[in-house]
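Engineer: As a plain string of letters, each chain reads:
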Amino acid sequence: MSYLKIDHVDKTFTRGARQTEVLRDVTVEVEKGQYVSIIGHSGCGKSTLLNIVAGLTQPTRGGVLLENREVNAPGPDRAVVFQNHSLLPWLTVYDNVRLAVDKVFAATKGRRERHAWTLENLDLVQMGHAKDKRPHEISGGMKQRVGLARALAMQPKVLLLDEPFGALDALTRAHLQDSVMAIQQSLGNTVLMITHDVDEAVLLSDRVVMMTNGPGARIGEVLEVAMGRPRKRLELAADPIYIKSRQRLLEFLYARHRTPQLQAAE
Amino acid sequence: MNQMVRKVGPAPARPQPRAAVIAALPIKATPRASRALAALADLAARVIPPALVLALLLLVWELSCARKGASLPPPSRVLADTWELIVDPFFDRGGIDKGLFWHLSASLQRVALGYALAAAVGVALGTLIGQSVWALRGLDPIFQVLRTVPPLAWLPLSLAAFRDGQPSAIFVIFITAIWPIIINTAVGIRNIPQDYRNVAAVLRLNAGEFFTKIMIPSAAPYIFTGLRIGIGLSWLAIVAAEMLIGGVGIGFFIWDAWNSSHISEIILALTYVGSIGFILDRLVALTASIVTRGTAAN
Numbered sequence: 018m019s020y021l022k023i024d025h026v027d028k029t030f031t032r033g034a035r036q037t038e039v040l041r042d043v044t045v046e047v048e049k050g051q052y053v054s055i056i057g058h059s060g061c062g063k064s065t066l067l068n069i070v071a072g073l074t075q076p077t078r079g080g081v082l083l084e085n086r087e088v089n090a091p092g093p094d095r096a097v098v099f100q101n102h103s104l105l106p107w108l109t110v111y112d113n114v115r116l117a118v119d120k121v122f123a124a125t126k127g128r129r130e131r132h133a134w135t136l137e138n139l140d141l142v143q144m145g146h147a148k149d150k151r152p153h154e155i156s157g158g159m160k161q162r163v164g165l166a167r168a169l170a171m172q173p174k175v176l177l178l179d180e181p182f183g184a185l186d187a188l189t190r191a192h193l194q195d196s197v198m199a200i201q202q203s204l205g206n207t208v209l210m211i212t213h214d215v216d217e218a219v220l221l222s223d224r225v226v227m228m229t230n231g232p233g234a235r236i237g238e239v240l241e242v243a244m245g246r247p248r249k250r251l252e253l254a255a256d257p258i259y260i261k262s263r264q265r266l267l268e269f270l271y272a273r274h275r276t277p278q279l280q281a282a283e
Numbered sequence: 112m113n114q115m116v117r118k119v120g121p122a123p124a125r126p127q128p129r130a131a132v133i134a135a136l137p138i139k140a141t142p143r144a145s146r147a148l149a150a151l152a153d154l155a156a157r158v159i160p161p162a163l164v165l166a167l168l169l170l171v172w173e174l175s176c177a178r179k180g181a182s183l184p185p186p187s188r189v190l191a192d193t194w195e196l197i198v199d200p201f202f203d204r205g206g207i208d209k210g211l212f213w214h215l216s217a218s219l220q221r222v223a224l225g226y227a228l229a230a231a232v233g234v235a236l237g238t239l240i241g242q243s244v245w246a247l248r249g250l251d252p253i254f255q256v257l258r259t260v261p262p263l264a265w266l267p268l269s270l271a272a273f274r275d276g277q278p279s280a281i282f283v284i285f286i287t288a289i290w291p292i293i294i295n296t297a298v299g300i301r302n303i304p305q306d307y308r309n310v311a312a313v314l315r316l317n318a319g320e321f322f323t324k325i326m327i328p329s330a331a332p333y334i335f336t337g338l339r340i341g342i343g344l345s346w347l348a349i350v351a352a353e354m355l356i357g358g359v360g361i362g363f364f365i366w367d368a369w370n371s372s373h374i375s376e377i378i379l380a381l382t383y384v385g386s387i388g389f390i391l392d393r394l395v396a397l398t399a400s401i402v403t404r405g406t407a408a409n
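Chains A and B supply the protein sequences, listed in that same order. When the letters of the first sequence are read in order and numbered with our numbering, they come out as residues 18 to 283. When the letters of the second sequence are read in order and numbered with our numbering, they come out as residues 112 to 409.
Please keep in mind that the hints were generated in silico from the structure rather than gathered at the bench. Here the structure is a predicted model, which is why all the values come from computation and not from measurement. Cβ coordinates follow ideal geometry from the N, Cα and C atoms, glycine included. Any given hint could be a false lead.
As the list claims (entries may be wrong) - The following residues of chain B were derived to be distant from chain A, with all beta-carbon distances above 12 angstroms:
#1 ARG274
#2 ALA311
#3 SER329
#4 ALA331
As the list claims (entries may be wrong) - Estimated spans, in silico, between C-beta atoms of each pair:
#5 B:THR323 with A:LYS150: 54 to 60 angstroms
#6 B:SER400 with A:GLN75: 37 to 43 angstroms
#7 B:ARG248 with A:GLU87: 56 to 62 angstroms
#8 A:LYS150 with B:SER400: 18 to 24 angstroms
#9 A:GLN143 with B:LEU163: 52 to 58 angstroms
Claimed, not checked - With a straight-line Cα cutoff of 25 angstroms, these simulated DMTMM-like cross-link-like pairs (lysine to aspartate or glutamate) come out:
#10 A:LYS148 with B:GLU320
#11 A:LYS174 with A:ASP149
#12 A:LYS174 with A:GLU241
#13 A:LYS126 with B:GLU320
#14 A:LYS150 with B:ASP306
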């Protein structure tokens, strides 16, 4: 039995008499310490899937198992790094992380330990220097780092990343991807990431799950990326596994499952 | 400094620091002086136009009321008539024959009480109807009707209920100030971004923590908008209410002056009412800008 299992999940949104089927029979298994990405065109329901794992949305059928126990409500064991950082603007960087630390470790850590743990996690994402700044005073990439620190500080069983690099410029994105890779390498986190970026998916993941287009999106293909770690961005450009993996993803996304808009454009 | 000089060598080094000092003085002095000058110009730009307009208005008033038999006194007469009240606001000859300070402070106390109650109840009710769809559906139509009732229309009813002027006046303030506070709080609560709710859900914040750590800070700009409208309305309502209930208070002072045909005293009282209303508004605005620094900046 796998560590995290998304088990035959269906999701249908009902608004009045209108029903929209978003996900159909989605099953994904993630082993402990694995980095799994879910890739698909925008609007295919991959964010809905992540919200179901996070417990923020309830599936219509099926369920999510973590260590063989069903999880159907949100909790810090499945910490989320949100696409738009979701830092609380009235709190400093430190207090944003500290809020999570205080809540999760209220019973198990003392005041001093929580303070030290907060700083440790900020240092981990190289944001210790900005701990007294407010979110609006730091750049988008920095906000995302703080969001990551907040999630890591909860010591989640599974780290859920909802297109965490989507809103960043290419250089910042590359930096942050490297940071995430290094952190995952050293801490051994189990990660489930949503993305629409082919390079990102191949670079970071052990396994890439490809989703078909909605409505009623399903798992199309699963690709194992059998490359060793640590992975170096520059060296990978010529790596045959990297090139082949990338090729397969591109083929799936753009040849077999183009978005309706793209098809209409031709 | 010395090391630097030695490194360069004695001959060319000596004139250098001297030149530096000479050059540094004006450079250092200039920004400070120009900054002070700029601040002064900025202040002047804000003070001079209203002062000019005020002087012009007073002049027009003076000229138009200067002729004999004018129904209103010119500003010079107002000043002469009320000089005693202006210089001694603290006298107390018993009853309602008190200095303006006592009248104003009595009014302010009523407003403080009624407004504090309205703020507490208004934020609580606003939170309720912002959070719960059923509370919104049940209460909102009633609120929408009640909030259009003019403040003074509540006075006879509250007099009948409380059988006393003091609590009636406080109730009128309360019922006047509460509607904008309720409505703005409710809008603020309803507008809490889903992201913050998600964060709270992942952290498993309980209801109390959610209220203090997410709801109140997130809705604070809206709540303060309501509070600011509320304080203005309370101050508007107190003068009218006091005219009717009598006793010590700036409203009754004005009514009493009218009954004794002391038009100058009315004009003086109006200036005080206006200034205090302005100060109250600014106080709430200042509190808001301090409290919502984080949120408003976003």
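Engineer: Enumerate the violated hints, using their earlier numbering and listing them in ascending order.
Structural biologist: Numbers 2, 3, 4, 5, 7 and 11, in rising order.
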